[in-house]
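Asks: Listed below are the residues making up each chain.
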Amino acid sequence: MKTHPTRLVPIICEALAREPVQALLKESGAAGYTVFPVEGAGTHGARTGDMAEFTNVQFEVIIRPDAAEALLDRLQVEFFPRFAMVAYESDVRVIREKKF
Amino acid sequence: MKTHPTRLVPIICEALAREPVQALLKESGAAGYTVFPVEGAGTHGARTGDMAEFTNVQFEVIIRPDAAEALLDRLQVEFFPRFAMVAYESDVRVIREKKF
Amino acid sequence: MKTHPTRLVPIICEALAREPVQALLKESGAAGYTVFPVEGAGTHGARTGDMAEFTNVQFEVIIRPDAAEALLDRLQVEFFPRFAMVAYESDVRVIREKKF
Numbered sequence: 252m253k254t255h256p257t258r259l260v261p262i263i264c265e266a267l268a269r270e271p272v273q274a275l276l277k278e279s280g281a282a283g284y285t286v287f288p289v290e291g292a293g294t295h296g297a298r299t300g301d302m303a304e305f306t307n308v309q310f311e312v313i314i315r316p317d318a319a320e321a322l323l324d325r326l327q328v329e330f331f332p333r334f335a336m337v338a339y340e341s342d343v344r345v346i347r348e349k350k351f
Numbered sequence: 252m253k254t255h256p257t258r259l260v261p262i263i264c265e266a267l268a269r270e271p272v273q274a275l276l277k278e279s280g281a282a283g284y285t286v287f288p289v290e291g292a293g294t295h296g297a298r299t300g301d302m303a304e305f306t307n308v309q310f311e312v313i314i315r316p317d318a319a320e321a322l323l324d325r326l327q328v329e330f331f332p333r334f335a336m337v338a339y340e341s342d343v344r345v346i347r348e349k350k351f
Numbered sequence: 252m253k254t255h256p257t258r259l260v261p262i263i264c265e266a267l268a269r270e271p272v273q274a275l276l277k278e279s280g281a282a283g284y285t286v287f288p289v290e291g292a293g294t295h296g297a298r299t300g301d302m303a304e305f306t307n308v309q310f311e312v313i314i315r316p317d318a319a320e321a322l323l324d325r326l327q328v329e330f331f332p333r334f335a336m337v338a339y340e341s342d343v344r345v346i347r348e349k350k351f
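Protein chains in written order, with our numbering: chain E, 252 to 351; chain A, 252 to 351; chain R, 252 to 351.
Bear in mind the hints are in silico, worked out from the structure with no lab data behind them. One or more hints might be untrue.
One copy or two, either will do: identical chains are not told apart, so a pair holds if it fits within one copy or between any two.
Claimed, not checked - Here are the simulated DMTMM-like cross-link-like pairs (lysine to aspartate or glutamate), alpha carbons at most 20 Å apart as the crow flies:
1) 277 to 304
2) 253 to 324
3) 253 to 320
4) 253 to 342
5) 277 to 290
Full structure from sequences and hints, please.
Replies: What follows is the structure in C-alpha cells.
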C-alpha cells in the first residue's frame with residue numbers, strides 16, 4: 252500500500268460563504284473535498300463561556316502542502332475579513348488522491 | 252499566514268449527552284466547536300465483528316492544549332461512566348481561533 | 252487521563268459502497284466508526300478546476316495501527332477498482348476505545 256503525505260484543511264464557515272469557498276477550492280488545486288452542514292459555536296467577545304450557536308457548513312479539503320499554504324493565505328486575506336469562518340490544517344497520509 | 256498549534260478533540264456521544272457536553276464545552280474554555288448527527292457503531296462484548304449501529308452526535312472541538320487536557324479529564328471522570336461516548340485528540344494548526 | 256496512540260481512517264465513498272465498506276469494517280477489527288452523508292467533489296480528468304459534485308458518505312474509523320494497515324490494503328486492492336472513493340489516515344490519541 253502506498254500513501255502520500257498531504258494536508259487536510261477543514262474550513263467551517265457561515266452558509267453565505269459556501270459558494271465563494273467552493274469557487275476558491277476549484278482555483279486552489281485541491282485534490283478533492285467534502286462539505287456537510289454543522290451547527291457551530293464560537294467564543295464572541297470577552298465573556299468566558301459566551302458561545303453563540305448557529306448553522307454553518309464544514310468543508311474538509313485534501314490538498315498538497317504547497318497548495319495548502321496558498322489556500323490558507325487566500326482564506327486569511329480575502330475571506331476572513333468578509334465572512335465568519337475558522338480554518339485549520341493537519342498532516343494526513345492519503346491512499347488515493349485521484350477521485351472522489 | 253500565521254498558524255497556532257492547538258488541539259482538535261472529536262467527541263462522539265449518544266444524543267442524550269448532547270446538552271451536558273455543550274455545557275461542559277462552555278465551561279472548558281474551548282475556542283469553538285461544531286456538532287453534527289452521525290450514525291455510529293462500536294464493538295460491544297466479546298465477539299469480533301459484533302457492532303451495533305445507532306444514532307449519535309459528533310462534536311469537533313478546537314481548544315488550547317492545556318484546556319484540552321482538563322476537558323478530557325472531565326469527560327473521562329464525569330461523562331464516560333454516565334454516557335456511551337468516545338473521545339480522541341490530535342494536533343492541528345489553526346488559522347483563526349476567535350470566532351465561528 | 253490515559254490515552255492510546257491509534258489511527259483515524261476517514262473513508263469517503265459513493266453511497267453504493269456503504270454496505271460493502273461496513274461489512275469490511277466489521278471484519279477489520281475496527282474499534283468503532285461514525286458515518287454521515289456529505290457532498291463531495293474531486294478532480295476528474297486533466298482540466299484544472301474541473302470538479303464534479305455528488306452525494307457521498309464519509310466514514311471515520313478508529314482502529315489500531317496494525318489493523319489500519321490491513322484495512323487500507325484491502326480498500327486499495329478490493330474496493331478502489333470497484334467504487335469511487337478516497338481514504339486517508341492520521342495519528343490520534345483516543346481516550347476510550349471500547350464503545351460508541
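Asks: Take the hints in turn and mark each one as holding or not.
Replies: Hints versus structure:
no.	hint	in the structure
1	277 to 304	between (29 Å within a copy, 11 Å between copies)
2	253 to 324	between (30 Å within a copy, 9 Å between copies)
3	253 to 320	between (24 Å within a copy, 10 Å between copies)
4	253 to 342	both (16 Å within a copy, 17 Å between copies)
5	277 to 290	between (25 Å within a copy, 15 Å between copies)
Checked against the numbered hints above, the structure breaks none of them.
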